Every structure is written in structure tokens, then in C-alpha cells.
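For this one, chain A is given, so just place chains B, C, D and E on it according to the hints.
Each chain is listed here by its residues.
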Amino acid sequence: MASEKKISDKVGFPPGSLIHIGKRKMEEPKITIIDYQDEQFQEKIAGKVEECFPFRETPTVTWINIDGIHDVKVIEKIGKHFNLHPLLLEDILNTTQRPKLEDFEDYIFTVLKMLYYKEEKDIRIEAEQVSFVLGANFLISFQEREGDVFNSVREGLREGKGSIRKKGADYLAYSLLDAIVDNYFLVLEKIGEKIEFMEEKLVKNPDPKLLRTIHELKREIIFMRRSVWPLREIIGALEKIDSPVVKESTKIYLRDVYDHTIQVIETIETFRDIISGMLDIYLSSINNKMNEIMKVLTIIGTIFIPLTFITGIYGMNFVYMPELGWKFGYFAVLLVMLIILIGMIFYFKKKKWF
Amino acid sequence: MASEKKISDKVGFPPGSLIHIGKRKMEEPKITIIDYQDEQFQEKIAGKVEECFPFRETPTVTWINIDGIHDVKVIEKIGKHFNLHPLLLEDILNTTQRPKLEDFEDYIFTVLKMLYYKEEKDIRIEAEQVSFVLGANFLISFQEREGDVFNSVREGLREGKGSIRKKGADYLAYSLLDAIVDNYFLVLEKIGEKIEFMEEKLVKNPDPKLLRTIHELKREIIFMRRSVWPLREIIGALEKIDSPVVKESTKIYLRDVYDHTIQVIETIETFRDIISGMLDIYLSSINNKMNEIMKVLTIIGTIFIPLTFITGIYGMNFVYMPELGWKFGYFAVLLVMLIILIGMIFYFKKKKWF
Amino acid sequence: MASEKKISDKVGFPPGSLIHIGKRKMEEPKITIIDYQDEQFQEKIAGKVEECFPFRETPTVTWINIDGIHDVKVIEKIGKHFNLHPLLLEDILNTTQRPKLEDFEDYIFTVLKMLYYKEEKDIRIEAEQVSFVLGANFLISFQEREGDVFNSVREGLREGKGSIRKKGADYLAYSLLDAIVDNYFLVLEKIGEKIEFMEEKLVKNPDPKLLRTIHELKREIIFMRRSVWPLREIIGALEKIDSPVVKESTKIYLRDVYDHTIQVIETIETFRDIISGMLDIYLSSINNKMNEIMKVLTIIGTIFIPLTFITGIYGMNFVYMPELGWKFGYFAVLLVMLIILIGMIFYFKKKKWF
Amino acid sequence: MASEKKISDKVGFPPGSLIHIGKRKMEEPKITIIDYQDEQFQEKIAGKVEECFPFRETPTVTWINIDGIHDVKVIEKIGKHFNLHPLLLEDILNTTQRPKLEDFEDYIFTVLKMLYYKEEKDIRIEAEQVSFVLGANFLISFQEREGDVFNSVREGLREGKGSIRKKGADYLAYSLLDAIVDNYFLVLEKIGEKIEFMEEKLVKNPDPKLLRTIHELKREIIFMRRSVWPLREIIGALEKIDSPVVKESTKIYLRDVYDHTIQVIETIETFRDIISGMLDIYLSSINNKMNEIMKVLTIIGTIFIPLTFITGIYGMNFVYMPELGWKFGYFAVLLVMLIILIGMIFYFKKKKWF
Amino acid sequence: MASEKKISDKVGFPPGSLIHIGKRKMEEPKITIIDYQDEQFQEKIAGKVEECFPFRETPTVTWINIDGIHDVKVIEKIGKHFNLHPLLLEDILNTTQRPKLEDFEDYIFTVLKMLYYKEEKDIRIEAEQVSFVLGANFLISFQEREGDVFNSVREGLREGKGSIRKKGADYLAYSLLDAIVDNYFLVLEKIGEKIEFMEEKLVKNPDPKLLRTIHELKREIIFMRRSVWPLREIIGALEKIDSPVVKESTKIYLRDVYDHTIQVIETIETFRDIISGMLDIYLSSINNKMNEIMKVLTIIGTIFIPLTFITGIYGMNFVYMPELGWKFGYFAVLLVMLIILIGMIFYFKKKKWF
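Residue numbers (our numbering), protein chains in the order written: chain A, 89 to 442; chain B, 89 to 442; chain C, 89 to 442; chain D, 89 to 442; chain E, 89 to 442.
Only chain A is shown next, with the shape it has when bound in the complex (with noise of 0.2 Å):
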């Protein structure tokens, strides 16, 4: 089932083909239809792709989710259907897309990315590829899996909590991206915890193995990062669209998140900051260990180097040593050394190597 296709399969196709790149991430799509207006609610599951079709003449608002992009062919009738251009289709099925706004007048297409903190042997943010489809009255989103960030917004709808079921189609794509970003929050608020907690170990046992989780971090923001980068610009653009599909009314929602998407943006820069300097931190631990050892073999060598020669002269097998018939030669002897240890001692302390 998770078969998957890399960007290079594709080379070789003229442009247009319809080609899904990616994991295949669970076996048969999933359509799911909600349709509202004030009151008026309807939430079903689809058994095929044509039952969302007479929902597009409505003047109610729609929105179709489908749960599982790599049957083209149901892409392709949907895309037929709402009359989508081929590039936007072949948009949905690449999941290794940058995130992007296109207006296509009569609708406006957006490719986005939830993320989704894992932590097992490695930590790892797992990315999954969203596309919205805004039109006048309905909107279609296309996700990778089932499970998704939106349930508050399903919540909400479900029981008219707020006043979403009162207002059109692109309030409804503001709930979604705003329940995006606020997922962001979530994944930084993790990636938050644990510099933290490796900030202290860092401190108390600088083990090469933090090394290793350092890297693994400090990949995973610069993955974020990329994630999350082109949506200032995206949503900025969104915000100053000039289109029938969003209404002026929605526009200070949308700055909102525009502002949220900047806060994300500026944490992840300082995420990035914390982490080079806690690799400093590192090297600089893993140097002052390393003095420490080196200090404890001078120390050692520098005091009985010295003494051992001693003990090799008078080990000396010469006939006449006058010293060795001395009676307390010997004393005499044991007492020097100790004199120069006392002295290397006072030498040590007095260099603040103890």
C-alpha cells in the first residue's frame, strides 16, 4: 500500500499528464459532502465521485473533501466536472509541492502542508499536502489521508456554533487555513519542549548522542521552515486578492492569519538561533571535558615523572655511589620527593588547575 513515487518517474511525460507522486497512504478514496446554509445542514459520505456533482448548481455553500489523492481518475472527473485546469490537477496529485496560490478568476487553488510532530527513534515532522479549491459557492479540499486538523471546524459546522454557518465559502476556507496554522503552534510548542529539555542535559552530560538529536532538529526546522515560509506569502496574497470569490469581509480574518503565519515564522527563526547556539554549547562542553582530562595526565605525569627519574638514579648499579652507603640516604631521599611534590602542588593551585 505505501508504494511510492518519486519526482523522477515523471521525467519523461510531455507537461499535463496526470501523474501522482508520492506515498500511497491508505487504499480507496474518501468523498465527504457538507453543504449549509444558516440552518440548513448535511454532511454524507459519497460512494462515488458524481454524487458531489449536483451540489455545484446549489446555492447553498459546499465542501467536498476528498481523503486520498492517488486515484487520478477520480481527480480527473472532479477536475472535469468543476472544469479545472490541467495544471491544477497535476498541482493536487504532486505531493512534493511547494505551497502556492493560483487565481484562476473563477476560482482561487492553494496547495498547502499540515505537519504533524513524530517523535519514535528520530524526531521527524511528517508533512501532508492539502489543496483547496475556492469557488463562489463550494470548496473542495484534497488531502493525502483521512485524519486531518479541521475537526473544530466540523465541530462548528455540525452544530452552528459561531456564525459559520451563516457566512460563504471563503470564511469557511479561513476556518480551515486559520486551523492550520494554529497547527503549527501545536508542532512548535513540542519542538519548543524538547530544546528545552536538551538544554539541560547539554549542561549536565554533554553526550555525543545530543549531537545526533541537535542535527535531527535542526533538519526538521529547516524542513518546517520551508513548509511554512511560502504561506506569509500566499495568505498575504490572498488578503490584497481582487476576486469575487472572497468577499472584503473576510479579509480581516484572513490578516489575522496572515499575522499568526508571521509569529510561526519568526519563532522557527529563533528555533534556529537557539539550536546553532546550543551546538556551540556542545563543542564548547565537549572542550572543557577534554581540558579536564588533559589537565588530570599533566597533573599526574608532571609530579611523578619527575620523582620516577629519582628513584631510576639511585636504582643505578655503579660501584661507588657515595649517596646509597649513607645511613639515611634513603630518608633523605623520600623526604626531597616529597618537598617536590608539595612545591608542584602549590604550582597547581597557584595556575588554578584544581
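Please keep in mind that the hints were generated in silico from the structure rather than gathered at the bench.
All the given hints hold, so there is nothing to weed out.
List of simulated lysine-lysine pairs, BS3-like, C-alpha gap at most 25 Å:
#1 B:Lys209 to A:Lys292
#2 D:Lys297 to B:Lys438
#3 E:Lys278 to C:Lys93
#4 C:Lys439 to A:Lys289
#5 D:Lys383 to A:Lys377
#6 A:Lys439 to B:Lys437
#7 E:Lys440 to D:Lys438
#8 E:Lys439 to C:Lys289
#9 A:Lys439 to C:Lys383
#10 A:Lys328 to B:Lys188
#11 D:Lys278 to E:Lys111
#12 A:Lys118 to A:Lys132
#13 A:Lys209 to A:Lys282
#14 C:Lys297 to D:Lys438
#15 D:Lys439 to E:Lys297
#16 A:Lys377 to B:Lys297
#17 E:Lys383 to A:Lys383
#18 A:Lys383 to B:Lys292
#19 C:Lys292 to C:Lys377
#20 B:Lys161 to B:Lys113
#21 A:Lys377 to B:Lys289
#22 C:Lys383 to A:Lys292
#23 A:Lys440 to B:Lys440
#24 D:Lys289 to E:Lys209
#25 B:Lys292 to A:Lys437
#26 B:Lys297 to D:Lys297
#27 A:Lys289 to A:Lys377
#28 E:Lys383 to B:Lys383
#29 B:Lys335 to D:Lys188
#30 B:Lys132 to B:Lys118
#31 D:Lys377 to E:Lys289
#32 A:Lys278 to A:Lys292
#33 B:Lys339 to D:Lys328
#34 A:Lys328 to A:Lys339
#35 D:Lys113 to D:Lys165
Short, incomplete list of chain B residues facing chain D, as computed with Cβ under 7 Å:
#36 Leu274
#37 Asp344
#38 Ile369
#39 Asn376
#40 Met382
Keep in mind the model is a prediction, meaning the values are calculated, not measured.
All residues carry an ideal CB built from backbone N, CA and C; glycine is no exception.
Relative to the frame of chain A, chains B, C, D and E by itself:
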């Protein structure tokens, strides 16, 4: 009392839900009203929120200050009476909010950070969020707890010093902004003193503990930077804003605060440079110390290992070793060893190891 | 055949002199003509340059591809017939030319790089320069040698797949651009695999040879960066160009290639970050190993140097050394040395040196 | 006399309060008036501030120079008579003010820094703040103390050299600006000489004291950078200003100063690069020295430790050790040791350790 | 002859004073006049400055080249006759002038640097300043000494090759610019060769002398960068200038030089990256060598220190040491030591120290 809510506690609520994020820093919100115009001046503490509503209609300038924002109901009532946008109320309640400015035509909303330098076990810069709602003739300020940097402004109002009572709510807002930015200089002054103190210590005695303090300073500077950078944009926008709320004559004062903000930012950047320079010095000092230690070991080893070898030779028990029988063999060996010793010392002198 | 001309060989000629700069990569230039429109399709290899001149006047779309640009006369003849600016011809001949776009009203000229990943003794990214002259209904492409990344486009043309035969020369140019950028992804995929392979090796066994490979990767990434960065600007300009040669309907496709270029650039930047992180890991690993080595030496030295000193004492030949005569003197000394040994081991355990 | 006021002494006062911030550098303020036009020239020292007031009305160009700004009353009186904005007076008094330009329609206000290179115990760049108020036919300059870089301008005025007396107050302002920027070149020249001197020393003998000097140079360069960078913007704005105070014909001169400022900035950036390169060299030199030391220890240890072991063997007191009785046993052992010694030396030669 | 004047020698003179700054590089200024139009061509060396004045009025294109700018009077006379602005003359005389472009309506003034690569004891890039005054039908060029990079242009003019004689003074200026920029490629080629040579050496034998050369390369690259960067702006401005002096048809040529300048800048940046990579490699190589040395010491020490200890035990002179009397005691000890030796070697093999 110090219960803390994280941003993750808010995920799962629909957008627009009013939830306080951050630590609860005081028991009960405290509402203070200052009302003035020219000679007129009135200051009172409101027992209930409703007491401050009548001031909205009066032509005098009214400053309503709320200490403690954890009580969502108080914020909601004010929001309702003063006709504030729900997103604005959300931002007031979220103490992790990035500094921002929002122009709602009838009023201007801005979020800022007051900073305090703390040095207990660690060095820490504490932030308290302040939000301002600036209307034509009123200013509402929201703070996390009692105690702020606005006392000089309050004194000015009470005593009618300067021209502040003759000017409008926008000048009051400027005065508060000015007090916040002036306070940044205080924080920077203290960091500057700490840096100077550290620099002296670094050169004299590169203690591994200093590394920790350098890292803390660096982290707090990064933190301060995040709180101050957005101000540049905010005050810049305020100075160029086209709103009935901000008079032209006030803008020259805003330009002055803008200049100060730039100066704060430049000082922060300078401190970052200096701190990273301190890290370099620390590392080199550690390196130097290592060098010195190795030199001692090498000198001792290089002198005594060969000498010990010579004593070893004459400590061998061969039956036939002619030198052993020589009358001055022992003294000759001592002499040879002395010559080697002196030669070594000359060699080290030449190499400048002393 | 592989004679190479450097840019210095051109210095000293007046501007406008046509001189081939670079390696000569094939024997004879090869000219291929593809002419098509809807159902019509013709492909032939021209024996002489003049054979491709008549196609200029036909209303069908003509793609003239020249493999081998070292024959200045061929280039000159084409330049004359198609009325190309001398500076343009100079750029075609100079294979060290930076990617660029030039709008000559009647035609658009662009220089690009095709990249190939080679891994023999070293890792190397090879570049081949391609120049395009795009007219209203013709496209002339100049390559350094046979073999390129355009086979999928040729197949599409031959078999009439997709809509390419129904569209103009500008769509053909887009298809070729798209093939070039798609190929960059292939190169990046291979570099990505190499990086992953290196990362695993780095952690397991930090071999000094890895340092060389890291350096090679870094250098090639820098090289690739230089070839790809200007594309951003080029395709961006092409997408916004106001020229009769590029139809409005083609621009949405160009925007798609633009997005891919951005993605290529971002991946390159990410790789740079990761590679410099690898260098840090390598250096720390080396440092760790050093540490470990020093620890072994220190442990051995610290244990045995004092013990050897004790044996030295009782190896002295003083006449009067009372301990020597004791019955259990020898065993007492052995016991003392054992106690010292155990003490040392405990000390090292406490210091976590094991 | 050298009492110093910090910016923190001002916090707590309402905005607009006139307080001197900085060191008091001289006893009494000194006011000098230079008045000229074509052939006319008059220079006098004013005993009281009021003496310079009448010059405001005359059609001649008047330059009022105030040395010493700690006397708030003097500044206040001038401010009142010349109708200067209170914020401007605040900036004049605050010697930590960032260089700035403010256009008040009737007059232009600018704050700059004069820099002096000092080398006593440390290297230090001292800054003195100069503020200019440029009106239609007067220029008021405020300095912290007597002594400046304007003597060449004064000479020019006194002797009527060049065309300065024929031009207006704006040309006078340009001349002073030019003198300030020219003086930056002097400071840079001295820093450049210091850098050259350091580079030579670094290669010859990497003394730990050099590290300190490198750090000082770096810090002072950072300091200088902060004083000079804003000038770029200031002179750029001055050159493009639309004000009756600056004539068109003067702007070409301002463009020239602008160019010089850019050159100063570039030199500063180059110096930063070179200084950080010096740090690298220093660290590598230290590393090299360490290497050399370790090599000596290793060579000595590697040669003598095994040899000492051999002597140890024949120093054992076993009753039955056949070699001891051999006639040439002693010489054989000496020979073996010699062979080992020579072998070692060859090994080291091969490893290029000599 | 090689007297040098520094910028500090000029400080103290009023602005507009004409003073030569830099080294005097030749005896007497030499003035060469080339006058041409279509078939007409004349070249002569002027004995006196005045000889070139009549050419100003002729309709033919005149190129006046002055080698040697230390003679202020010559420059002054030309300035007077051609009506040049005094600031321009100042810039010509100041050889530390940053490259710049100034449009004086009737003529355009530009300052550039010709660069020469020198490798004697050190690597050095020498700069010679060239200034151009481009009028409607004349071009005056000022150089510091005889010898330049314009010979190909002179040949073209003499022999009437290409179209240069048919075009105006602006095309002549372009040709000279092109020659200067082409020459930068030559310098870069030589630096590139040096870098390649260094890289090979670095891997084979990281000699401390290489560090010095790396530093020199870095410094010269920084120097070259400063001379070339401003060109980007200058040629960019020239290409967009709206002046009667530069014809529209010449601008496409200028765009070509612009492209080359960008390429030069990019190559410089790439070289910077590679050189800083070389420093990393150098440091790691040094580190590796250190490691290797330490390994040898550790192996020798770890093997022989314990063995020597054993010999020490049996070298003690206790009266009662049972092993000493055993018949095979000596051989048993030798065997034990052999076993320890083999064990150690196995241990090192396992640790991959061989």
C-alpha cells in the same frame, strides 16, 4: 493563582472563541479611569466594568486602564460597549501575541510588550503584554497585571505638567508608547553593564560557567529582539496613518519615538555582535589554557623521559657492564644528564615555550 | 577533439568578434528540423545549414535544433538568414555565458544550462549550454553536443500526444524549459540520495575521506546554484513579457515552470544548509574520537605512572632501606598498589570516563 | 567636571523635558559667531547668548557655534529665539542620539558624530555629537566641547579662499559635513595601519594578547559603523530634499559627500571582513603551535618509552636470566636500542613529522 | 618617483582643492590624441596640453588619453577648456576614489578601476584608476600610468576593423568599458587557477604556509569585490540614462557589458565561498593530523607503560620475593607481557585505531 494556559489549549476551538492564553498574574482585574481636559482632571478606580461606559460619550479625553486580562467577561463587556471587533478581543487575551497594529477606522488597535530585566539565578527579560485601543477621545489600555512603566505619564496628567492635558487621546497614546520605548533603554543599559562585567571576567579567568551566562544573554537578546523588531513597522505605520484618530501635529512626536525604536534595535544588534565575539574570546581562552597545560606536560616529559631512560640503562643487571666499575662513572652520568637538561631548556627557550 | 578555449583567448579581439569559448564536444555540427502544425509533422536531418532557411517563411511551427556550436560559420549563416543581432551570436558561442533573457522585439533570446549528475572518482555536475531563439513561428535551439533532455518533447510531437501540435512555438519553448527544469529535480534527487548516504556514514565512521566528499558536494551545489538562480529572473521576466512572440494563454504554463524553479532553488538552499551541518557533525565526531583516545591514554597513564613510581622506590639500591628486609614487604607493596588501582578506577567511574 | 548622566536618568520625566544626557566635557559653554557675505567678514565670541540674536535678521550668512551643551538654559534660550521645536532641543541635549535628519520647513535639523581615534591602553574611537540647525541664512552648530574638525572651513572663511563666502548657509553646512566625513577617512587610515601592524605580528608570533586587540578593534569598528551608517540615509535625503533652505546648486556637492560616505561604509565593512579573517588566522596559528608541541612530546615519548621498557627488562632481579651472563649482552642490548632509535627516526621522517 | 600621498594629506584643505592622492607612477604625463570618422583616422602624441583643444570643435570623434595624473596643472587646463566641474577634477586626481558615474548633462563622467593580477612573494591584485569624460563627440580618459587594457580597441580603430569607426564616442566608451570588464575575467581566471592548485595541495599536505596564501587570496578577493561591485550600478545606470551623449543603439551593447559584470560579481562570490570552504578543509586536515599524532603516542604509551610497570615490580629489591627464585619466572613474565601486548593490539584493531 499562577495557572498558565498555552496556545495548544486553544487549538480545537472555532476562530473567534475568547480564551485567555498565558499566566494569570493577579487575583481580580482592576479598572482605573482617568478623565481630563485642560484644567479638568478626574481619576477613579471602577468597581464594575460598567462604570467606565458613560465616559465614552463625554468630549473629555478618557484613559481606561485594565490591569488583569484573565477575566474574559470583563474584556467581553468592554468589547461590546465600545463596539470592538471579536478578533481584537482575541488578540488582547492572547499574551503570546506578536506586537501588531490594526486600523479599524473608528479606532486603532495595537499590541506591545513592556520588558523588565530580572537577574536572579539566571538572566531573564520578562515581557508583559499591553494592548491599546485608541479612539477619537478615549484610550483603553489592557495590561496583564498591576505595575507598569507609565507612572511618569500619570504624574504629568495629575499635575498638569507639560502640555499633555491640552492635547488629545492620540498624544496620550504617544506618551505611553514613549514610556515603553524609554523603558527598553533601561533594559539595554542593564544588559550593557552585564556585558561589560562579563568581558572583564572573560579575559581574566575563562570559567566554564561564563559560557552558560553568555548563552543566556544571547537567548534573552534574541527574545528581546522579537519583542522590539515589530515595533519599527508599527510606529512607522502609525506615523504615516491616514486616520481621524491621529492628528497631524502628533506625528512629529511619533517620528521621534520611531527614531528611538531604531536606536533600540541597533543597540540590540550591536549586543548580538559583541556577545558572539565574547564566545570567540571564551573559546580561544580555553584553547590557550589547554595549550599552556600541554606545554607543561611536554616540557616535563621531554626533559625527564630521556633522563629516566639513562638511569634505566645503568640499572640493568648485566654481569659485564664496564662503566659501572669506573670510579667516576656515576658522576659522569650525572654530568651528562645535567648537560642534556640544560640543552633542553635552551631548546625550549628558543622555541619560546617559556 | 576536446580542445578547450578559455575566455582569455577572446581578450584582445574587438567586441562583436565571433569566437567559440569552451570545449569542442563533437566532430561535426548536426542540424535537425522538426516542422509541424495540427496533423502535419515532418522531421529531417539537414546536411547543410541552408536547408533550414525555407522553413522560416512557412506558417507551420518549425524547431531547428543545432548540436555542436564550435563551427562558427554555421552559427554565422543562421544569424544572417534569421537576422540575429551579433551580440546574440557571441553569447551562443560563449559556453561560459550566464543564463540570460533578451527581448529583440521580433524574437526572444535566452541562454540556459542543462545539468547532468556524474559520479566517477569525484562527484561532478556537468553543464551543457542551450540557447533558444524564439520567433513568431519558429524556435532555434543551440546545444554543445548531441544528447539532451528533450526526448519526451520530441516523442510528444511525433505521436501528437497532448495538445502540443495544436499550439505555437511559444508552447514548444515552454515544453523545452519544463524539460530542463524537470531534469534539475533529477539531479537534486541524486544529490539528496548522496547526502542521505553520507549522513549515515558520518555518524558510524567519520572517515577523513568523507570530508573531501562533503567539500565536493558543497562545491557542486555552489556551481548548480549559479546555473539555476538566474532562471528565476528569466522565467519571471518571460511570464510578464509584453511581446507578440509569447501568447497570453502560454503564460499560465510559464508560471508553473516558475514555481518549479523556485522549488529547485529552495532545495538547493536546503542542501547547502544540510551540508554545512554535516561539516559540523564531522568535526564534532573527529573531536569526540580525539577525546576518546585521550581518555584511554590518560587512564592508562594515571594508573600506571604512580604505580611505576612505587616500584622505582623499592628498586633503589640504598644500603639501609628497612622495608626491603620485611618478610611481607613485597606483598604489602603489591596490596598498596592494588588499592591505588581500585581507587583510581572508582575515581574514573565517578568522573564518567568509562 | 566629568559628571555623566545616563539615559536612565531621564526615564520618569514626561516627554519634552530638557535634560542633558552624557558627560559634561567643559566648564562653561562658549559661543562663537561668524558672520560673512562676499567681502564682509566678522568673527566674535559672545559673552551672553543674547548677543547672537540680532544676527538672525541680517541678510548676511551667520554661523553660530556653541561648544558645550550641558547648560540647558543656553540651549533653551536659543531654541526660543530661533523658534525651534522642543523635540529638536531634546535631541541636541541627548548625546546618545542616533544621527538623524529632520525637515522643519523653515529650517533643517541634523545630528551627526565627529569621531576621533585614541590609542592609549586600549584602542578606542571617541565620538562627539554635533547638531546643526540650518536656516535660510544662518547655521547653528552645537558641540559637546571645544576642539573640532572644522578649522579648515574657518580658515577658508577668514581668508576668503575658494568661493565659500560667495555662497549661502547651505554651502557652509556642506563644508562642515565634508570636513566631518573627511575626518572619518583619517580614523580609518589609522585603523588600517593598526590592522596591517597586527597582521604582521599574527603570522610571526600569535600572542594571546593579540586576541584582545583583535576583539577591541572589532568592537570599535562596530561602534564606528553605528555612527556612520545612518549618514548614508541622512545625506541621501538631504541631496533629494525639497526645501527652500537647500539650493539646487549645492546638491551636486552633497552627492559628492554621499559618495565619500559610501566609501567610508565600504571600508568599514572591508575592515570587518579582514578582522574576522585575522581571528581565523590567530586560531589556526594557536592550533599549529599546539600541534608542534604535541609532535615533540610524541616523538620523545615514542622513542624513549619502548627503550626504557627494555632497560626495565634487564633491570629485573630474576635469579635465572641467561642474557645477563652473556659477555656482550650489554652491548647487544645497546645495539638493539640504537636500531630501534634509528627505525623510529626513519618512521617519523616518512610521516613528515620533522 | 614613487612618492605616495594619502587621503590624510588632503584633510585640512577646503573642498574643491585640487590635490593628487596616490602614488606617482610615471615621470611626465603623456597625452595621446586619436581622431577618426569613417575613413578618416589620425593619431598623435601631444607635446603640450593645448594641442588637444582644437579637436573639441571638430565634428569627428576624438579620444584624448592622458597617462599620468599627478601633474595637477595639466588636469586643470583640460578642465578649464572642456568646462568640467571642479568636483569632477578632484575625483580624477584622487586615486582612492570609489567607482562612480555622474551625469553633467553635456557630458558623462565615470571613474573605474583596471585590475592586474600580480604574483611575486604575495598574491596581489593591483588597481589602476581610469576616469572617462564622455561628451557628444569626444572622450577624455585619464590613467595613472602608461600601459592599459585598451590595445585591442586601438588596433580596431587603426585598422578600421568592425564598425567602430562608423559609430560615435559613446560606442568608443562602450568598447573601453568592455575591455576593462573582459580583463576582469583574465584576473579571475588566474585566481581560479591558483585556487585549484591550492585545493590539490591542501588535501595532500596541509602546510601552515597554505593558511597564509588562503588569507591573501581572501583579502585580494575582498579588494577586487570592492572595485567591481559599484560597476553593476554604474553600467546599469548608463544603460538606462536619458542623455544626448548616449545613443539608444549603443544601449544594447551596454546591457551586454552589464551581463558580464554580473558574471564577474557572481564568480567573485563563488570564489569567496570556495576559499572559506578551503579554510574549513585546512583546519580539519590539521585536526586530522593532530589526531593521528595523538594516536601514535597513545598506542605506544598504552602498550609500554603497563609493561614497564611489570618490569618495575621485578626490579624491586625486596629480600623475600618468591617469583624471583623460580626457574622459569623470567620467561613466565616475558610471556605475560607478550600476551598483554597482543591483547592491546587486538583492542586497538577493534577500536579501528590502525
